[in-house]
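*Asks:* Here's the letter readout for the chains.
2 protein chains.
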Amino acid sequence: MRLEILPVLGIGDVTEGDDLAALIATAAPWLRDGDVLVVTSKIVSKAEGRLVDVPADGPERLAARDEVLAAETARVVAARGATRIVQTHHGFVMASAGIDASNVDKTRLVLLPQDPDASARALRAALRERYDLDVAVIVTDTMGRPWRNGLTDVALGVAGMPAIRDHRGEVDPYGNELQLTQMAVVDELAGAGELIKGKCDQVPVAVVRGYLTATAPDDGLGARALVRDAELDLFSLGTAEARAAGLAAAANLAAGPGAAPADPASVARAIAAVAGVVAPATVFTTVTDDEVRAALTATVPGWPQRATGLVLGEPPTPVDPAGLVRLGADLQRLRTALAAEGVPSTLLPPPPGSTAAACLAL
Amino acid sequence: MRLEILPVLGIGDVTEGDDLAALIATAAPWLRDGDVLVVTSKIVSKAEGRLVDVPADGPERLAARDEVLAAETARVVAARGATRIVQTHHGFVMASAGIDASNVDKTRLVLLPQDPDASARALRAALRERYDLDVAVIVTDTMGRPWRNGLTDVALGVAGMPAIRDHRGEVDPYGNELQLTQMAVVDELAGAGELIKGKCDQVPVAVVRGYLTATAPDDGLGARALVRDAELDLFSLGTAEARAAGLAAAANLAAGPGAAPADPASVARAIAAVAGVVAPATVFTTVTDDEVRAALTATVPGWPQRATGLVLGEPPTPVDPAGLVRLGADLQRLRTALAAEGVPSTLLPPPPGSTAAACLAL
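Chains A and B, in that order, are what the protein sequence lines are. Anchor point for the first sequence: position 28 equals 28 in the UniProt record's numbering, and the numbering is continuous, going up by one each time. Anchor point for the second sequence: position 35 equals 35 in the UniProt record's numbering, and the numbering is continuous, going up by one each time.
Hints should not be assumed to be uniformly reliable.
Because identical chains share one entry, a pair is satisfied inside a single copy or across any pair of copies.
[Said to hold, decoys possible] Here are the simulated SDA-like cross-link-like pairs (lysine to any residue), alpha carbons at most 25 Å apart as the crow flies:
hint : residue 1 : residue 2
1    : Lys-106   : Arg-209
2    : Lys-106   : Pro-173
3    : Lys-106   : Ala-240
4    : Lys-106   : Ala-118
5    : Lys-106   : Val-227
6    : Lys-106   : Gly-276
7    : Lys-106   : Asp-33
8    : Lys-106   : Asp-57
9    : Lys-106   : Gly-198
10   : Lys-106   : Ala-272
11   : Lys-106   : Asp-172
12   : Lys-106   : Leu-6
13   : Lys-106   : Glu-129
14   : Lys-106   : Glu-4
15   : Lys-106   : Glu-16
These aren't lab readings, by the way, just hints derived from the structure by calculation.
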């Protein structure tokens, strides 16, 4: 068993309306059933006319590029300086929505294909119908990734094979069931193709020969199977953006109290977390005694009956307006620290008869 | 030009102290100068004795596994449920620090090699010295990645070639200089090797033939060149972790004011951001007049001379203790919203003669 990676030479420049199937079949008469065609998305985009005219330089070019980027963006994931990592309408997360100014006239930008899976299916169908070739097609682009320098080619679209090879449920020779072994083989094939394509050598198509016999039949899902839902992703937002969202959430904390009793350890951690920044004279007293708490919350009109705990805030003496304002600020800090521990809270006037000036119901 | 990907069959089970160079050279007498060996890190780890004994099951196994994970972890990047994405001491960001329980006895865990670049260099040196073979070596592991389902094999260590192929400075046929074209070719080679290795077929080594002639000479940096510094990474923390860090930062906001004048638009946005949650009677007045501000900050003893703006906080009338506490909480919310806009602030008593009960110096 062996795999071969072959370049398809002589395709030349591709322009709008070009027949990719004809270009490829002519340049590679040696194609065989079972080959995997690894096709750079740029020539697909060009053939499909996914180009936008922009000024060659100056601020007008930047403005036009920003406009194009906004149109291609479903959601901004992260930004720093001029870098924009966005989720495209396809669901792919990538820099600048895959918009590319290389290998094209200076007055044009190349967008990603509108539907790369459909592009792959169309090319595969054309090769089958007109050239009697049964091949798989992968449409690729070059992407960066978090944590690792350097780019790799990955799949945007696929037809004729599943994007993922699933080993789950298989058992290794030691009797361990394989759990985490869904391999994104089309991404590995895209990268393998890139090894031979090169960037400046005008080789936009590679062929991987010998692989397809090993795969399951096409599941019809295309490369969409590679897109992870943002809700399932642990990195759905850039760190700075998520941190800013945390700050914004802190400014907008809603009033609790929570549905479940607050964990005393979480409350203690929250109080400890703000110990260095609250006024030295501010005292937080945690009321944990069930009977006291029950009496307070059950008998004081207007108090939330759901409160499962209290933190009394006692200001410095003598009590002056500045001390009360500062106590309010300190209690809001504590509410934020409680929220960071997952403990909702509400700021309330003090229970009658206590020496506190205000308190938090948990 | 073509590349070939060949499996090295018959290596069998690898145990501590095994001579990998001998195992590979014996199993693949067909190796040639210029081949790239793509070696699964697991057999490197096993040969190097990077194994830990753990109970076969039960809570003891989980506890032992947690301990091993903590030892292999430099920094937790993200956590959800039982999933831990961590940065290892090598700098790699991966699930469970690459600790693996597959293809090994149920009572052992396999750790990553201590220094995969050194492992690659040692194997390359042994093949050259003892078998007169001049090959490149890539030590690989299987990793997930953000945003895309499925795993791919990538490089942990490399010797005999640079990890990255750098196209920067090259010019495409249209005259555009290539900017973002540092290709992580060793990751693509790792993935290409995985295509043939498979998971359960006990093929831990693949050979990529025909590639090395195209590469620059070894830069000696190894796969460390692939590790991006956390400070440079837009995704150095999980979204939930970064959001919690934002909440924690909000609870611990330091006193400003800032070094640069606050942007009035940012201040207005911050006030608007908390408009829905502050007490309806609370009024924030932005003092933007330079002379008023200068007089306030220059003449009131104890006021920071650096203040570049003020937000006065006026409580509802009549002014009661509860109103003052609430004002303090509202001003702290506003401080947080200002911080989210990048505007530092300090809570201060009101300037003498104003109707405010407190204010923020910006």
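*Asks:* Among the hints numbered above, which are violated by the structure, and what are their numbers in rising order?
*Replies:* 1, 3, 4, 5, 6, 7, 10, 12, 13 and 14
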